[in-house]
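2 protein chains.
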Amino acid sequence: MSEKSVKKVVIVGGGFVGLNAAKILGGRNDVEVTLIDKKNHHLFQPLLYQVAMAGLSPAEIAVPIRSILAEHRNIQVIQDEVTGIDRENSKVETKGSAYYFDYLILACGARHSYFGNDEWEKNAPGLKTLEQATEIRRRVLSAFEEAEKTDDRDKQRRLLTFVVVGGGPTGVELAGAIGEMSRYTLARDFRNIDAKLTRVILLEGGDGILPSFSPKLTSWAVRAMEELGVQVWTKSMVTCIDEEGVSVGNERIECATVLWAAGVSGSELGRNAGLEVDRACKVKVNPDLSIPGHTNIFAAGDMASCIGENAKPLPGIAPVAMQQGNYLGELIISELDGKKRRNFVYKDKGQMATIGRSRAITEMGRIKLTGFSAWAAWLLVHIYYLAGFRNRFAVVSQWAWSYLTFRRGARLILGKDWRFYK
Amino acid sequence: MSEKSVKKVVIVGGGFVGLNAAKILGGRNDVEVTLIDKKNHHLFQPLLYQVAMAGLSPAEIAVPIRSILAEHRNIQVIQDEVTGIDRENSKVETKGSAYYFDYLILACGARHSYFGNDEWEKNAPGLKTLEQATEIRRRVLSAFEEAEKTDDRDKQRRLLTFVVVGGGPTGVELAGAIGEMSRYTLARDFRNIDAKLTRVILLEGGDGILPSFSPKLTSWAVRAMEELGVQVWTKSMVTCIDEEGVSVGNERIECATVLWAAGVSGSELGRNAGLEVDRACKVKVNPDLSIPGHTNIFAAGDMASCIGENAKPLPGIAPVAMQQGNYLGELIISELDGKKRRNFVYKDKGQMATIGRSRAITEMGRIKLTGFSAWAAWLLVHIYYLAGFRNRFAVVSQWAWSYLTFRRGARLILGKDWRFYK
Numbered sequence: 130m131s132e133k134s135v136k137k138v139v140i141v142g143g144g145f146v147g148l149n150a151a152k153i154l155g156g157r158n159d160v161e162v163t164l165i166d167k168k169n170h171h172l173f174q175p176l177l178y179q180v181a182m183a184g185l186s187p188a189e190i191a192v193p194i195r196s197i198l199a200e201h202r203n204i205q206v207i208q209d210e211v212t213g214i215d216r217e218n219s220k221v222e223t224k225g226s227a228y229y230f231d232y233l234i235l236a237c238g239a240r241h242s243y244f245g246n247d248e249w250e251k252n253a254p255g256l257k258t259l260e261q262a263t264e265i266r267r268r269v270l271s272a273f274e275e276a277e278k279t280d281d282r283d284k285q286r287r288l289l290t291f292v293v294v295g296g297g298p299t300g301v302e303l304a305g306a307i308g309e310m311s312r313y314t315l316a317r318d319f320r321n322i323d324a325k326l327t328r329v330i331l332l333e334g335g336d337g338i339l340p341s342f343s344p345k346l347t348s349w350a351v352r353a354m355e356e357l358g359v360q361v362w363t364k365s366m367v368t369c370i371d372e373e374g375v376s377v378g379n380e381r382i383e384c385a386t387v388l389w390a391a392g393v394s395g396s397e398l399g400r401n402a403g404l405e406v407d408r409a410c411k412v413k414v415n416p417d418l419s420i421p422g423h424t425n426i427f428a429a430g431d432m433a434s435c436i437g438e439n440a441k442p443l444p445g446i447a448p449v450a451m452q453q454g455n456y457l458g459e460l461i462i463s464e465l466d467g468k469k470r471r472n473f474v475y476k477d478k479g480q481m482a483t484i485g486r487s488r489a490i491t492e493m494g495r496i497k498l499t500g501f502s503a504w505a506a507w508l509l510v511h512i513y514y515l516a517g518f519r520n521r522f523a524v525v526s527q528w529a530w531s532y533l534t535f536r537r538g539a540r541l542i543l544g545k546d547w548r549f550y551k
Numbered sequence: 130m131s132e133k134s135v136k137k138v139v140i141v142g143g144g145f146v147g148l149n150a151a152k153i154l155g156g157r158n159d160v161e162v163t164l165i166d167k168k169n170h171h172l173f174q175p176l177l178y179q180v181a182m183a184g185l186s187p188a189e190i191a192v193p194i195r196s197i198l199a200e201h202r203n204i205q206v207i208q209d210e211v212t213g214i215d216r217e218n219s220k221v222e223t224k225g226s227a228y229y230f231d232y233l234i235l236a237c238g239a240r241h242s243y244f245g246n247d248e249w250e251k252n253a254p255g256l257k258t259l260e261q262a263t264e265i266r267r268r269v270l271s272a273f274e275e276a277e278k279t280d281d282r283d284k285q286r287r288l289l290t291f292v293v294v295g296g297g298p299t300g301v302e303l304a305g306a307i308g309e310m311s312r313y314t315l316a317r318d319f320r321n322i323d324a325k326l327t328r329v330i331l332l333e334g335g336d337g338i339l340p341s342f343s344p345k346l347t348s349w350a351v352r353a354m355e356e357l358g359v360q361v362w363t364k365s366m367v368t369c370i371d372e373e374g375v376s377v378g379n380e381r382i383e384c385a386t387v388l389w390a391a392g393v394s395g396s397e398l399g400r401n402a403g404l405e406v407d408r409a410c411k412v413k414v415n416p417d418l419s420i421p422g423h424t425n426i427f428a429a430g431d432m433a434s435c436i437g438e439n440a441k442p443l444p445g446i447a448p449v450a451m452q453q454g455n456y457l458g459e460l461i462i463s464e465l466d467g468k469k470r471r472n473f474v475y476k477d478k479g480q481m482a483t484i485g486r487s488r489a490i491t492e493m494g495r496i497k498l499t500g501f502s503a504w505a506a507w508l509l510v511h512i513y514y515l516a517g518f519r520n521r522f523a524v525v526s527q528w529a530w531s532y533l534t535f536r537r538g539a540r541l542i543l544g545k546d547w548r549f550y551k
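Those protein sequence lines, which keep their order, are chains A and B.
Sequential numbering of the first sequence, starting at 130, is according to my numbering.
Sequential numbering of the second sequence, starting at 130, is according to my numbering.
Just to be clear, a hint being listed does not mean it is correct.
Each pair may be met inside one copy or between any two copies, as identical chains are not told apart.
[What the hints assert, rightly or not] Below, computed lysine-lysine pairings styled on BS3-like, alpha-carbon distance capped at 30 Å:
| no. | residue 1 | residue 2 |
| --- | --- | --- |
| 1 | Lys224 | Lys284 |
| 2 | Lys136 | Lys220 |
| 3 | Lys476 | Lys220 |
| 4 | Lys284 | Lys137 |
| 5 | Lys325 | Lys224 |
| 6 | Lys325 | Lys167 |
| 7 | Lys284 | Lys167 |
| 8 | Lys364 | Lys497 |
| 9 | Lys251 | Lys224 |
In case anyone wonders, no lab produced these hints; they're calculated from the structure.
Quick caveat, the model's predicted, so the values are computed rather than measured.
Could you put the whole structure together from the sequences, leaning on the hints where they help?
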């Protein structure tokens with residue numbers, strides 16, 4: 130009888146898919162796992178907007194991948210960027226090394242898509258990384274600082290106008306948070322401007338914001354946004370973004386700060402590695418998340434296009450990624466145990482979007498919540514899923530403090546480049 | 130009888146001097162204060178090394194100046210850089226504006242001095258700003274990540290060698306923290322390297338480290354450093370720093386990470402504004418902190434050279450700056466009340482330096498403490514002085530967590546430039 134061989138599993142990406150799959154494979158003596166990520170940290174993306182809006186610090190929603198997985202001696206974590214995938218020889222290539230695999234899980238997430246207008250990015254940053262979040266924080270807070278310094282009313286008006294492009298959950302969260310910050314947190318801090326006069330415009334190209342929610346909840350959300358001073362413009366397609374503002378068809382909005390929360394496209398790794406991708410650059414996968422022609426290579430999370438039971442692609446949200454990560458970890462184990470594969474089935478547990486500091490909408494099947502109860506549900510779910518006890522504790526105390534005092538704890542303007550500030 | 134006129138006070142710099150002076154002048158109806166700083170935040174500099182060493186997040190030791198002073202309606206805070214001082218017309222100039230003053234307080238701190246070798250800076254960053262602290266954190270943590278990736282033993286040795294230049298309190302704190310982090314926090318997280326083999330070298334050009342302390346305490350500190358794996362090299366003058374390492378005379382240390390904690394020189398504003406400065410670029414001041422020839426212009430803190438009672442310049446430490454800020458606020462008030470000026474007298478309350486997570490040395494007159502009791506004293510003093518209740522609470526819970534778990538909460542490697550990581 131031959132000794133049971135150890136299978137090599139390579140996971141690219143330390144997001145929800147990669148981390149959940151790795152945790153399930155951790156501790157097994159028949160699997161050796163290598164997790165490769167270009168960052169050293171796992172990011173709790175659902176709360177990233179709070180870093181951009183100065184409510185939380187980067188370290189409160191990010192934990193070194195290495196330390197999350199430290200207890201599993203069969204897992205090695207590598208901070209590196211994957212440059213290619215050699216499917217013939219079953220190896221993943223980085224700049225300086227190569228990693229052979231028996232199983233490969235690709236889960237590198239998504240980036241922003243400017244629908245062919247990449248030149249918009251420098252004036253309208255998106256929100257996918259901690260670096261982008263601190264850059265957005267810098268821009269939003271700096272706009273108020275600049276407005277305080279000038280007596281030119283037109284310039285002030287431009288500086289105090291914020292445009293958020295995209296009416297999905299992230300756009301709604303960002304616009305609501307700017308509205309709230311200007312009305313409450315910053316109101317008493319300035320002498321020369323009235324922060325309450327801040328204008329926030331949420332632009333959505335489609336018929337309405339938050340289209341995945343039921344109309345009753347959506348109209349409640351629009352009213353809640355308006356109470357925070359956010360104007361919601363629907364059917365408003367952006368035609369130009371430059372340093373001075375935004376154009377929507379013939380209409381022009383003069384503004385200093387534009388944030389992008391509209392398009393998303395899969396990580397470039399899929400296309401660069403020659404895998405079949407859809408229009409949004411997401412890798413096409415079989416019902417077991419394997420890629421066509423390779424039963425041992427999987428793609429999942431935001432970089433994959435997985436068709437759900439309703440024949441539509443699954444949304445790019447955390448629960449999908451978490452369930453896919455668990456599914457893939459279990460699939461590999463059951464295959465090592467000689468069992469047959471089953472297809473991935475997404476269990477939809479509902480959706481939620483938050484607007485400001487004590488309002489949200491939550492939809493779980495037929496249960497629909499609005500306002501404080503929805504926000505409380507949102508809070509519980511997000512605290513529950515935050516990785517690591519410490520962060521949970523730090524985030525809760527941070528929120529409690531913000532809630533009680535109307536302050537924001539992380540209102541720092543940090544330089545783009547440290548050398549600039551020496 | 131003429132109405133009492135309102136005096137304009139301009140404060141340049143929101144450090145300990147500026148903030149303490151502003152707080153004392155806050156709420157007076159005979160004074161209008163304008164505080165100008167190029168950053169939006171006050172930084173609690175004594176704990177900056179903890180950000181560089183991944184123990185604390187930037188927001189835990191920094192608070193917006195604007196929010197600290199918000200309650201005082203007679204204080205305006207401006208985020209801007211002062212470009213010149215027009216002493217004839219009593220005004221301070223920024224790029225776009227000018228601010229007239231009856232009293233001017235200059236307190237913009239210090240920057241690093243490379244003793245004429247400015248080209249060393251890119252390979253040996255100093256620690257004065259939050260940007261520099263996150264850059265140091267990035268370099269230190271990245272060195273471990275790079276070492277994990279390679280099987281080349283020479284390269285690993287170079288990556289795991291850290292050199293800290295300068296044996297003052299900052300150098301000791303940095304070197305001790307790297308030693309501790311590698312021995313405890315990181316020890317279990319890597320598979321390919323033994324983080325405990327990390328080599329930390331503290332270089333001091335003079336006869337011994339921490340020269341302002343008594344010899345008994347200093348020798349205790351050296352032993353404590355050695356227990357954390359730090360080699361202390363005294364009488365070791367750096368002759369070259371490049372990408373590959375550091376030269377000390379004929380001796381060569383191959384290392385990937387060098388930190389600079391050696392020379393300090395006053396803010397360039399003093400010299401640029403044509404004020405009389407000493408060799409360290411610090412503004413010469415009279416015993417009442419006014420500059421020669423101008424009774425209404427003061428310089429204080431790290432940018433001034435104030436001669437103490439022992440005929441030596443006062444050290445560049447927080448207590449000096451705090452006392453000078455209070456002194457200047459009170460001086461202005463007493464002059465408005467028609468009283469005579471008194472000279473500034475520094476009350477020396479002692480000094481402390483910390484080495485790792487539960488050791489320190491503390492010297493208060495004839496009281497000399499080492500070890501845990503000194504560290505407890507250090508902790509109490511730093512918590513007491515931290516600006517703002519929230520930060521105090523967050524820092525304490527962060528420390529408690531680090532202390533109990535040996536983890537470090539803010540082990541993030543963030544990109545130098547956000548656009549690089551899009």
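Hints the structure fails to honour: 3
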